[in-house]
Every structure is written in structure tokens, then in C-alpha cells.
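Q: Given the sequences, and given the hints that come with them, work out the whole structure.
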Amino acid sequence: MFEINRKDAGGRYIDAEGDHLVTVSKVEENLDAKGREVCKVTFKTDDGATINDRFINQENLWFRVNQMVVATRHNVPDGTKYDFTGVKGSYAAFLRSMIGLDLIITVKPEEYQLNGETKKAMRVKRMKASDGAVKLPVSDNDGSADEVPF
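Residue 21 is where the sequence shown starts when you use my numbering, and the numbers rise one by one after that.
Simulated from the structure, these hints should not be mistaken for laboratory data.
On a predicted model such as this, the values are computed, not experimentally measured, just so you know.
Keep in mind that the hints are not guaranteed to be accurate.
With a cut-off of at most 25 Å between alpha-carbon atoms, the simulated BS3-like pairs for lysine-lysine come out as follows [stated by the list, open to error]: (1) K60 / K46; (2) K108 / K54; (3) K139 / K101; (4) K148 / K60; (5) K64 / K148; (6) K108 / K60; (7) K101 / K128; (8) K140 / K128; (9) K148 / K54; (10) K148 / K46; (11) K145 / K60; (12) K64 / K139; (13) K46 / K108; (14) K101 / K46; (15) K60 / K128; (16) K140 / K60; (17) K139 / K128; (18) K46 / K64; (19) K140 / K64; (20) K64 / K145; (21) K60 / K139; (22) K128 / K64; (23) K46 / K128; (24) K101 / K148; (25) K128 / K108.
A: Here it is, written out as C-alpha cells:
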């Protein structure tokens, strides 16, 4: 049976500057022109608006992954190490382990040039933890909690 669901219909983007409470909703993995692993992370608000951010698997950019771990309060102990360059797919798998977690993103406009024209796009500039509420693990009907993969 078909059901109308505007929230999941897509097509709406976060287009307002400022802080937004979002959930990590999707991670898509690709390679860029230089052969680097690039993950497009989709953040979604409760009303269904989305914004994407690119995470490049490059050592000098891993600080952004760390920012997202802190902002989502991801269940990973300090000092834990991952081999993102030596284990194929581990970068995307780690980012996917944050799907369903909440955080606050700060969105600001950024200007860029395209074919001699100045364009403006909204970009994620900062990530921070939400109000301190930590999402509880999903539980089965028997009351046992599912383990977090990382």
C-alpha cells in the first residue's frame, strides 16, 4: 500500500546559515580523480532537510573525522587506532558506524567560481555535540542491547 511521506521524499536542502540539529543519515563511498577514497556524508534534520559534506581519506584531513566522533559522542574509546589507508573500505565503514547519531552542524555560505561566475553554496563549517543527550543503543524486544560496531 502506498503512503504519502513528505519527510522522506527528499529534495529539501538545509539552505539557512546557522546551527542545525541533524542526524548522520547516509554515507556514500567513491574515489576522486587522484584515486583517494572520498565519502559523501548526508546529514538530515528532523523535518527531512539535508546537507552533504565530503570526507577525504587523507591523513592531514582525519581531524574532521575526529571532530565528528566527538560531536556525535560515538562509542569509541580515546586512543583507539584504525588503519584507514591499509584496510580497504575501513574509512567508509567507520563513518557508516555513525549513521543514526545526532550532532549540531554550523552551516555557512561559501562563494566559489564556476565558468567565470561567482556562485554561493552552503557548507558545513563546524560540528559540535548536541544538548548532551546521548542516544541509547537500539534494543530487541527481549531488552538486550545491540553492540556498537566500533
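Q: Against this structure, judge whether each hint is valid.
A: Structure-based check of all given hints:
Taking the CA atoms of K60 and K46, the gap is near 8 Å; set against the 25 Å cutoff, the hint holds. At roughly 16 Å between alpha-carbon atoms, K108 and K54 fall within 25 Å of each other, so this suggested pair holds. In summary, the hint linking K139 to K101 is not supported, as the alpha carbons are separated by about 39 Å, beyond the 25 Å threshold. For the proposed pair K148 and K60, the alpha carbon gap of about 19 Å is at most 25 Å, so the pair holds.
A distance of roughly 15 Å separates the Cα atoms of K64 and K148; the hinted pair therefore holds under the 25 Å criterion. Between K108 and K60 the alpha-carbon distance is near 17 Å, which keeps this suggested pair within the 25 Å criterion. For the given pair, K101 sits about 32 Å from K128 by alpha-carbon distance, which is inconsistent with the 25 Å threshold. Of the pairs offered as hints, the one joining K140 and K128 holds, with about 10 Å between alpha carbons and a cut-off of 25 Å not exceeded.
Distance check on the hinted pair: K148 and K54 sit about 30 Å apart at the alpha-carbon level, beyond 25 Å; violated. Our distance criterion of 25 Å between C-alpha atoms is met by K148 and K46, whose separation comes to about 19 Å. Among the hinted pairs, K145 with K60 is consistent with the structure: their alpha-carbon atoms are about 15 Å apart, no more than 25 Å. Of the pairs offered as hints, the one joining K64 and K139 holds, with about 24 Å between alpha carbons and a cut-off of 25 Å not exceeded.
With a C-alpha separation of about 19 Å, the suggested pairing of K46 with K108 holds against the 25 Å cut-off. Taking the CA atoms of K101 and K46, the gap is about 23 Å. The hint holds against a cut of 25 Å. For the proposed pair K60 and K128, the alpha carbon gap of about 18 Å is at most 25 Å, so the pair holds. Distance check on the hinted pair: K140 and K60 sit about 19 Å apart at the alpha-carbon level, within 25 Å; holds.
Taking the CA atoms of K139 and K128, the gap is near 14 Å; set against the 25 Å cutoff, the hint holds. About 9 Å separates the Cα atoms of K46 and K64, which keeps this hinted pair within 25 Å; it holds. A threshold of 25 Å between alpha carbons decides the hint, and for K140 with K64 the separation of about 21 Å falls inside it, so the pair holds. The hinted pair formed by K64 and K145 meets the criterion: a straight-line CA distance of about 16 Å does not exceed 25 Å.
Only pairs whose Cα atoms come within 25 Å are accepted, and K60 paired with K139 is accepted, the gap being roughly 21 Å. About 16 Å separates the Cα atoms of K128 and K64, which keeps this hinted pair within 25 Å; it holds. Distance restraint check for K46 and K128: the Cα-Cα separation of roughly 21 Å lies within the 25 Å cut-off, and the hinted pair is therefore satisfied. With a C-alpha separation of about 22 Å, the suggested pairing of K101 with K148 holds against the 25 Å cut-off.
Restraint check for K128 and K108: not satisfied, since their Cα atoms lie roughly 33 Å apart, outside the 25 Å limit.
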